[in-house]
Amino acid sequence: MGKKNEAETEMLKGTLDMMILRTLIGGDAHGHTVAKIIERTSEDVLEVEQGSLYPALHRLEDRGWVSSYWGASENNRKAKFYRLTGAGRKQLARETSRWRQMTRAIGLVMGEEFAENGGRQ
Amino acid sequence: MSWRRFFRRRRSDAELQEDIRTYLEEETTENIARGMSSEEARRQARIKLGNPQGVREALWRQNTVTAIDDIWRDLRYAARTLRRTPGFAMIAVLVMALGIGANVALFTVVRSVLLDPLPFPAANKLIALYGKTDAGMGGSANSHVRSDHLNRVAAADFYDWQSASRSFEQMAIWRWTGYNMASNRGELPEFLQAVTCSWNLFSTLGVQPALGRSFTNADDMDEASPVVMLSWSLFKRRFNGDPSIIGKTIRLNLQPYTVVGVLPQWFTYPDPKIQLWVPYHKGIPTVILHSHYSHTSHVIARLRSAVSLNEATQEVSVIQHGVFTRFSGGGPVPSTVVSLRLVEDIVGDVKAPIYMLTAAVSCLLLIACLNLSNLLVARAVARRKEMAMRSALGGSRVRLLCQQITECVLICLLGGVLGVFFAAAAVRWLTTYWLNLPRAETIHMDVAVLAFAVGVTFLAGFLSGILPAMLFTGRGTASALQDSARTLSGAASKASLRKGLLTVEFGLTAGLLICAGLLFKSLLQLGSVDLGCTTHNILTMRYFLRGEIYSKPEQIVAFQTQLLERVRRLPGMAAAGLTDVVPGDGFYGDTTFSIPEHAPQPPETHDSALFRTADPGYFQAMQIPLIKGRFFTPSERLGKSNFVIINQKMAQEYFAGEDPIGKHLTVSWLSTSPENLEIVGVVGDTRYQLNEAARSMVWFPIFSGATSIATDTTLVVRSAADPAALSIPIQKTIAGIDPDLPVSDVLTMQQIIGESTANSRFEASLLGAFATLSLLLASIGLFGVLSYLVAQRTSEIGIRIALGARREQVLRLIFADGLRPAVIGLALGFCASVAVTREIQSQLYGTRPLDPGVFGFVGLVLLLVAAVACSVPAWRASRLDPMKALRTE
Numbered sequence: 001m002g003k004k005n006e007a008e009t010e011m012l013k014g015t016l017d018m019m020i021l022r023t024l025i026g027g028d029a030h031g032h033t034v035a036k037i038i039e040r041t042s043e044d045v046l047e048v049e050q051g052s053l054y055p056a057l058h059r060l061e062d063r064g065w066v067s068s069y070w071g072a073s074e075n076n077r078k079a080k081f082y083r084l085t086g087a088g089r090k091q092l093a094r095e096t097s098r099w100r101q102m103t104r105a106i107g108l109v110m111g112e113e114f115a116e117n118g119g120r121q
Numbered sequence: 001m002s003w004r005r006f007f008r009r010r011r012s013d014a015e016l017q018e019d020i021r022t023y024l025e026e027e028t029t030e031n032i033a034r035g036m037s038s039e040e041a042r043r044q045a046r047i048k049l050g051n052p053q054g055v056r057e058a059l060w061r062q063n064t065v066t067a068i069d070d071i072w073r074d075l076r077y078a079a080r081t082l083r084r085t086p087g088f089a090m091i092a093v094l095v096m097a098l099g100i101g102a103n104v105a106l107f108t109v110v111r112s113v114l115l116d117p118l119p120f121p122a123a124n125k126l127i128a129l130y131g132k133t134d135a136g137m138g139g140s141a142n143s144h145v146r147s148d149h150l151n152r153v154a155a156a157d158f159y160d161w162q163s164a165s166r167s168f169e170q171m172a173i174w175r176w177t178g179y180n181m182a183s184n185r186g187e188l189p190e191f192l193q194a195v196t197c198s199w200n201l202f203s204t205l206g207v208q209p210a211l212g213r214s215f216t217n218a219d220d221m222d223e224a225s226p227v228v229m230l231s232w233s234l235f236k237r238r239f240n241g242d243p244s245i246i247g248k249t250i251r252l253n254l255q256p257y258t259v260v261g262v263l264p265q266w267f268t269y270p271d272p273k274i275q276l277w278v279p280y281h282k283g284i285p286t287v288i289l290h291s292h293y294s295h296t297s298h299v300i301a302r303l304r305s306a307v308s309l310n311e312a313t314q315e316v317s318v319i320q321h322g323v324f325t326r327f328s329g330g331g332p333v334p335s336t337v338v339s340l341r342l343v344e345d346i347v348g349d350v351k352a353p354i355y356m357l358t359a360a361v362s363c364l365l366l367i368a369c370l371n372l373s374n375l376l377v378a379r380a381v382a383r384r385k386e387m388a389m390r391s392a393l394g395g396s397r398v399r400l401l402c403q404q405i406t407e408c409v410l411i412c413l414l415g416g417v418l419g420v421f422f423a424a425a426a427v428r429w430l431t432t433y434w435l436n437l438p439r440a441e442t443i444h445m446d447v448a449v450l451a452f453a454v455g456v457t458f459l460a461g462f463l464s465g466i467l468p469a470m471l472f473t474g475r476g477t478a479s480a481l482q483d484s485a486r487t488l489s490g491a492a493s494k495a496s497l498r499k500g501l502l503t504v505e506f507g508l509t510a511g512l513l514i515c516a517g518l519l520f521k522s523l524l525q526l527g528s529v530d531l532g533c534t535t536h537n538i539l540t541m542r543y544f545l546r547g548e549i550y551s552k553p554e555q556i557v558a559f560q561t562q563l564l565e566r567v568r569r570l571p572g573m574a575a576a577g578l579t580d581v582v583p584g585d586g587f588y589g590d591t592t593f594s595i596p597e598h599a600p601q602p603p604e605t606h607d608s609a610l611f612r613t614a615d616p617g618y619f620q621a622m623q624i625p626l627i628k629g630r631f632f633t634p635s636e637r638l639g640k641s642n643f644v645i646i647n648q649k650m651a652q653e654y655f656a657g658e659d660p661i662g663k664h665l666t667v668s669w670l671s672t673s674p675e676n677l678e679i680v681g682v683v684g685d686t687r688y689q690l691n692e693a694a695r696s697m698v699w700f701p702i703f704s705g706a707t708s709i710a711t712d713t714t715l716v717v718r719s720a721a722d723p724a725a726l727s728i729p730i731q732k733t734i735a736g737i738d739p740d741l742p743v744s745d746v747l748t749m750q751q752i753i754g755e756s757t758a759n760s761r762f763e764a765s766l767l768g769a770f771a772t773l774s775l776l777l778a779s780i781g782l783f784g785v786l787s788y789l790v791a792q793r794t795s796e797i798g799i800r801i802a803l804g805a806r807r808e809q810v811l812r813l814i815f816a817d818g819l820r821p822a823v824i825g826l827a828l829g830f831c832a833s834v835a836v837t838r839e840i841q842s843q844l845y846g847t848r849p850l851d852p853g854v855f856g857f858v859g860l861v862l863l864l865v866a867a868v869a870c871s872v873p874a875w876r877a878s879r880l881d882p883m884k885a886l887r888t889e
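Residue numbers (my numbering), protein chains in the order written: chain A, 1 to 121; chain B, 1 to 889.
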């Protein structure tokens, strides 16, 4: 884990908050679920480092974008669940549109050609 | 980054651990579901999670304000260090508390007395005006010469200024006075200190009465019916704060006065002792109202907004010069005018001692800081290896520096907190024992003072911490790791720094000791001053004969004669006499005179002499010696009293080489027209003030009964034993003759002298205490440094002794080492004192600023104390057992 995908990990850092918020649209989830969803949805391209996941969750909570409560996990274990708040939803909308603009802009700069040949080594 | 998170770090961490546990379990469960063995499933889950400690640390860091965290850690570390050495910590904290407390206390005084504006609207526009006689003009000895040679103002001068000047919104005049308040419904008669002032004094200051109204122009006229305003304290004390007093009459000097107003509680100008206010035309005799020669009043004014102090002074000076040219032929008239801000006028002479004490406490704090610095250097030396180690392990210099300073700041913080309490007590003490401190009632501690305390605390912490911190965190610290007990070079350079600090301490201490010594010598000189009369077993009391029943000379003389007769019959009485004011009790008043037997003086020259009254028995009662001629006789009274007695000084000054007896003085005191009075005697000189040389003095017979001079009386009695015991019988005697006559200032001569030297004693004691404290600190410092040095040099000394050095040689070696900073510091302190002591010259009496006796004594004491501080470590060094010393590592 981690080391081999340093490029992706780096990229992930800036967008982790946004992805966590996006994940929570589907419903409340605890840390493990959030990580799992991101990994599955990205077809295992993105691996979420726990060292950044939990600080990110705390950060989001501190900013009021998610709220948390203690609940029971699927396997009936005590777990901290995170829920998207109203402010979080708005933030997600902002982040998403910014992200779209960004990827479009980067796409334009890099050009079609590169985009075809690019991708994963 | 939010504060909430910072303070909830611990909880957040606990939650995270829970989260991590859940994560691991979930992952393990899933791995088992994927078909792994439970062992493998757990292992894979852990691999996937990575280092849980790392996750925790990441979150912790995210939640942390680094700076605060560092400071907190430093504080805890410093507290731990201090707890390990409680003795050191306690002494250091106490010393800093004293230093900081003294500074905060003095700052409180300086702020309230010198810096705060007066409690009047636009107070910076208020000024005081005084007359000034050019140097070289004759008759410089006008009434009430202040120490800075400002003359009080004559009423007629004031009215000229008021009508002709344009620089002022308003100008007002006032004068000290006093009233007898008759006994009323069982309350005793009372003498009340009062001010008589022009009607616009309160509007000039911008003061509204708390009750009733202020004076009006109509109140301040000859024909107006008498009115009075009360101070708040009199209103509360004598009239129970009952507002219905407004409009009622009270009897002052047996005359009815209508109370029109009560002044607010905060109003204490010019002095909190003032109880009554009376319009100027009612409080001043008509003759004086129109006189240019009776310089007895104070003038204040409010500048117009566009006018500067200088322009205004110029204008009034020009007016006064006109007065001078017209009137100086008839008596002394100041030729020009000086002005000063009202606040300066009120603060007056107290500025110099306040600044002196402030300078002293600053020195004290600096010495305390140096001492702390010194102690910390010693500890830092001991921790050299620790510092080197930490530096080698990657501690940044700033972090190590901060940590060292933190320890110091912690000591100062504790000292500061303690110091503030100390200062609160000190301020209370200062305001109680500092007599005649102007604006003392306004002195209080507030937020600004606390802010100052915090500032001083951190400054002190920084000052004392920075040096040791710099020393032991810099480059080359790593070499400490290579030091062994036998390499001494590093330690030696630090020791020389510590000796440098000690030198500064001793220098400052020497300066403080010299200033204190000079003040003490002045005090001793004052104590040994011969007033010119006896001061033992003398009781004095004052009364003022006022009102209709004392309006004729016969009435006054009858009372005085009757009182003296009855008092002299009291048991335990040795002698009794009457005067207006006793020696040592102040300037009081002077009179101009000419000598008809001498050639006439140029018209603008006016000889003057202090003016006193006496009855025939006064000189014997006070044991003032008769030099020539005779005293007054009991038959010389009323119409037959055209005689005077002069003092020796006057005889020498004005009758050099001739016999004054039988000569005459021409004065215009007994009536408005000049009279010739025959000189019948010459008596010994008496001083009007303890710290002033005797001046020419002329004595008038109090039995003349002249209303202008014979009414203000001090009764003087000399007793066989304790004079205080006579106080009640005498007061009963007075009440027996006139039950409405209040008696005030019942004081023994010793008390009068004590009061006049009280402030000198106060200043000298305070400065002496500071100086002693700094000497103590400096010698503790010396003791510490030397002890440390001896410990450092144990093996070296061991070698010396083993190689044959004699004990006394070792003793001398260490002694010389320790005394060097004291001697150099002493020399520096002496040099500094030469410059500084000139500044306190105004506080000295009979002592030169470079008094060799004081300098010598201070040098001796300082060296002696330094020697005592050195003796223990030096003795210990000389007693070293070489075998043990050499084994010491």
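Simulated from the structure, these hints should not be mistaken for laboratory data.
Hints are not guaranteed to be accurate.
For each label pair, taking beta carbons as the anchor points, the in silico distance ranges come out as [said to hold, decoys possible]:
| no. | chain 1 | residue 1 | chain 2 | residue 2 | range |
| --- | --- | --- | --- | --- | --- |
| 1 | B | T64 | A | R83 | 23 to 29 Å |
| 2 | A | K90 | B | T64 | 52 to 58 Å |
| 3 | A | M110 | B | M470 | 37 to 43 Å |
| 4 | A | R83 | B | F6 | 23 to 29 Å |
| 5 | B | R84 | A | K90 | 28 to 34 Å |
| 6 | B | M470 | A | A105 | 37 to 43 Å |
| 7 | A | G86 | B | A122 | 31 to 37 Å |
| 8 | A | M110 | B | F6 | 39 to 45 Å |
| 9 | B | D13 | A | K90 | 41 to 47 Å |
In silico PhoX-like links for lysine-lysine, alpha-carbon gap of 25 Å or less [claimed, not checked]:
| no. | chain 1 | residue 1 | chain 2 | residue 2 |
| --- | --- | --- | --- | --- |
| 10 | A | K80 | A | K36 |
| 11 | A | K80 | B | K48 |
| 12 | B | K649 | B | K663 |
| 13 | B | K351 | B | K385 |
| 14 | B | K236 | A | K36 |
| 15 | B | K236 | B | K273 |
| 16 | B | K521 | B | K552 |
| 17 | A | K78 | B | K48 |
For glycine and all other residues, C-beta sits at the position ideal for the given N, C-alpha and C.
Structure-based check of each hint:
1. Between T64 of chain B and R83 of chain A, the C-beta spacing of about 27 Å keeps the proposed range 23 to 29 Å intact.
2. With their beta carbons about 29 Å apart, K90 of chain A and T64 of chain B fall outside the hinted range of 52 to 58 Å.
3. One distance hint, 37 to 43 Å for the beta-carbon pair M110 of chain A and M470 of chain B, is violated here, with the actual separation near 55 Å.
4. Restraint check, R83 of chain A to F6 of chain B: a C-beta distance of roughly 24 Å satisfies the suggested window 23 to 29 Å.
5. A C-beta distance of roughly 56 Å is found between R84 of chain B and K90 of chain A, which places it outside the suggested range of 28 to 34 Å.
6. The hinted range of 37 to 43 Å is not satisfied by M470 of chain B and A105 of chain A, whose Cβ atoms lie roughly 53 Å apart.
7. Separation of G86 of chain A from A122 of chain B is about 58 Å and departs from the stated range, judged on CB atoms against 31 to 37 Å.
8. For the pair M110 of chain A and F6 of chain B, the beta carbons lie near 42 Å from each other, so the given range of 39 to 45 Å is met.
9. A C-beta distance of roughly 30 Å is found between D13 of chain B and K90 of chain A, which places it outside the suggested range of 41 to 47 Å.
10. The straight-line distance between the Cα atoms of K80 of chain A and K36 of chain A is roughly 15 Å, inside the 25 Å bound, and the hint therefore holds.
11. This hinted pair checks out: K80 of chain A and K48 of chain B have alpha carbons roughly 20 Å apart, not beyond 25 Å.
12. Taking the CA atoms of K649 of chain B and K663 of chain B, the gap is near 16 Å; set against the 25 Å cutoff, the hint holds.
13. A threshold of 25 Å between alpha carbons decides the hint, and for K351 of chain B with K385 of chain B the separation of about 52 Å lies outside it, so the pair is violated.
14. With a C-alpha separation of about 84 Å, the suggested pair K236 of chain B and K36 of chain A falls outside the 25 Å cut-off, and the hint is violated.
15. Note on K236 of chain B and K273 of chain B: the hinted pairing holds, with a Cα-Cα distance of about 14 Å set against a maximum of 25 Å.
16. Distance hint between K521 of chain B and K552 of chain B is unfulfilled; the C-alpha atoms sit about 50 Å from each other, more than 25 Å.
17. Distance hint between K78 of chain A and K48 of chain B is fulfilled; the C-alpha atoms sit about 20 Å from each other, no more than 25 Å.
The structure shown violates the earlier hints numbered 2, 3, 5, 6, 7, 9, 13, 14, 16.
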